Amino acid sequence: MISILNLHKLVNSSLNSISTISKTRIIRKFSSLHGNLTGIREELRKLGHGSVTFDPKYSRGIGLLTLQNPERHNALSGKMMAELSDIVDKLENIVKFDTNGNLNNVNNVNELDKENNLIGIIVTGSRNTFCSGLDLSVAKDHILTPENGKKMSLLMQDTLFRFGQLPLISVAAVEGHALGGGAELVTACDFRCISETSKIRFVQVKMSVIPGWGGGKRLIDIVGGVNALKIMGTSDPITAQNGLELGFVDVIAPHGECVNRAREFLNRYVYFSERDERKGGNGNDDNINENKRINSVKAVRGLKLLISRTKNSEEYKNFLLYEHELFGSLWGQKENVDAVLKTRK
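Residue numbers are given in my numbering: position 168 of the sequence shown equals residue 169, and the series is strictly consecutive.
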């Protein structure tokens, strides 16, 4: 019998599908990780509420991606997972890039890119909380079977893998809590800015599973195997201070200021870093004005491509496939089902 993973490997990755986001024609190029997941994406799109929005003009060279499901602490429904994947499609098209590692005629910049000149992305949640992981109300009603859990894992692994391969520098702006899958989403970003009171917790073991969205591998890469084992095995929270000591957190912000501080952090990549003497500046982001010199968009993107290439190897992708298989062997089993049902109020 052909496994789900082998079935997806057999898909012809050269095929394209078309979806529509904000009235823009988007060409979908399937990644080399799991192939064509269009059917799974559309299945999940029907499940739950909430939304994922993207503002490409949040700040010069910086877009803002926002998770919006405040009644569920921005937990990801199936609908939101599909919309997140849609946005990655859009970003691939904006930067003329596919996440198999190919620059699609880098000198032929399209109209969307001329308008935005994106260098960075901030990922955040609405109403001062980041993301509480999978929406468990949706999980109980629709996803709490081994088969559907594997489908969810395939889509989220693929989406976050493609997101990480984009030639755009990303910062997670974490207010409140990032739990479970929310913590995995945090690891998909290049940098992390969290508030003084925020906590990030890998609670998957409390649900009798392991990370299933690629967050296990990414956490190991960020903090090392021993620290990753402590964090995931105990579900102890990562706070601003211990996260900084671990090298997991890059910026600590006052409560309510994470997005602004993340923008200031990304401005260091958008703008040339010379001092602005006319404003009496000292090189800090607060002194940037519209006349300040802009870095080469192509050069900054090229640097990100160089870094992300290390995560596009067969060894890296095989590790993600192994993580997916382990997750699939645990999700939907009695211990996991009991834990999920007890958690939901």
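Heads up, some of the hints might be wrong.
Below, simulated EDC-like cross-link-like pairs (lysine to aspartate or glutamate); rule was C-alpha separation at most 16 Å, straight line [what the hints assert, rightly or not]: (1) Lys97 to Glu148; (2) Lys231 to Asp251; (3) Lys200 to Glu148; (4) Lys200 to Asp237; (5) Lys312 to Glu246; (6) Lys312 to Asp191; (7) Lys141 to Glu316; (8) Lys207 to Asp56; (9) Lys91 to Asp56; (10) Lys335 to Asp191; (11) Lys318 to Glu246.
Label pairs and their calculated CB-CB ranges [what the hints assert, rightly or not]: (12) Thr198 to Lys231: 32 to 38 Å; (13) Lys299 to Glu336: 47 to 53 Å; (14) Tyr323 to Ser236: 20 to 26 Å; (15) Val227 to Ser330: 29 to 35 Å; (16) Gln69 to Arg269: 23 to 29 Å; (17) Gly303 to Asp237: 36 to 42 Å; (18) Ile308 to His50: 15 to 21 Å; (19) Glu246 to Lys335: 21 to 27 Å; (20) Thr198 to Asn296: 19 to 25 Å; (21) Lys58 to Ser297: 34 to 40 Å; (22) Val206 to Lys141: 18 to 24 Å; (23) Tyr323 to Asn261: 35 to 41 Å; (24) Ile295 to Asn261: 16 to 22 Å; (25) Lys58 to Asn319: 35 to 41 Å.
Treat the hints as calculated values from the structure; they're not laboratory data.
Given the structure is predicted, the values throughout are model-derived calculations rather than measurements.
Quick reminder that beta carbons are idealized off the backbone N, C-alpha and C, glycines included.
Now the hints, each set against the structure:
A C-alpha spacing of about 34 Å is found between Lys97 and Glu148, which places the hinted pair above 16 Å, so the restraint is violated. With a C-alpha separation of about 20 Å, the suggested pair Lys231 and Asp251 falls outside the 16 Å cut-off, and the hint is violated. Of the pairs offered as hints, the one joining Lys200 and Glu148 is violated, with about 31 Å between alpha carbons and a cut-off of 16 Å exceeded. Proposed proximity of Lys200 and Asp237 is supported: the alpha carbons are some 9 Å apart, at most 16 Å.
A threshold of 16 Å between alpha carbons decides the hint, and for Lys312 with Glu246 the separation of about 24 Å lies outside it, so the pair is violated. Between Lys312 and Asp191, the direct Cα distance comes to roughly 12 Å. Compliance with the 16 Å bound is thereby established for this hinted pair. Proposed proximity of Lys141 and Glu316 is contradicted: the alpha carbons are some 34 Å apart, above 16 Å. Distance check on the hinted pair: Lys207 and Asp56 sit about 35 Å apart at the alpha-carbon level, beyond 16 Å; violated.
For a cut-off of 16 Å, the pair hint linking Lys91 to Asp56 stands: about 12 Å separates their Cα positions. Our distance criterion of 16 Å between C-alpha atoms is broken by Lys335 and Asp191, whose separation comes to about 36 Å. At roughly 29 Å between alpha-carbon atoms, Lys318 and Glu246 are farther apart than 16 Å, so this suggested pair is violated. Take Thr198 and Lys231: their Cβ atoms lie about 22 Å apart, and the range 32 to 38 Å is violated.
Restraint check, Lys299 to Glu336: a C-beta distance of roughly 50 Å satisfies the suggested window 47 to 53 Å. The supplied range of 20 to 26 Å is met by Tyr323 and Ser236, whose beta-carbon atoms lie about 22 Å from each other. Restraint check, Val227 to Ser330: a C-beta distance of roughly 24 Å breaks the suggested window 29 to 35 Å. Gln69 and Arg269 have their C-beta atoms about 28 Å apart, which keeps the hinted 23 to 29 Å range intact.
Gly303 and Asp237 have their C-beta atoms about 38 Å apart, which keeps the hinted 36 to 42 Å range intact. At roughly 36 Å, the beta carbons of Ile308 and His50 sit outside the given window of 15 to 21 Å. Between Glu246 and Lys335 the beta carbons are some 38 Å apart, a value that contradicts the proposed interval 21 to 27 Å. For Thr198 paired with Asn296, a C-beta distance near 33 Å fails the hint of 19 to 25 Å.
A C-beta distance of roughly 20 Å is found between Lys58 and Ser297, which places it outside the suggested range of 34 to 40 Å. For the pair Val206 and Lys141, the supplied restraint of 18 to 24 Å holds, since their beta-carbon distance comes to about 19 Å. Taking the beta carbon of each, Tyr323 and Asn261 are about 39 Å apart, inside 35 to 41 Å as hinted. Remark: the range hint 16 to 22 Å for Ile295 to Asn261 is upheld by a beta-carbon distance near 20 Å.
Taking the beta carbon of each, Lys58 and Asn319 are about 39 Å apart, inside 35 to 41 Å as hinted.
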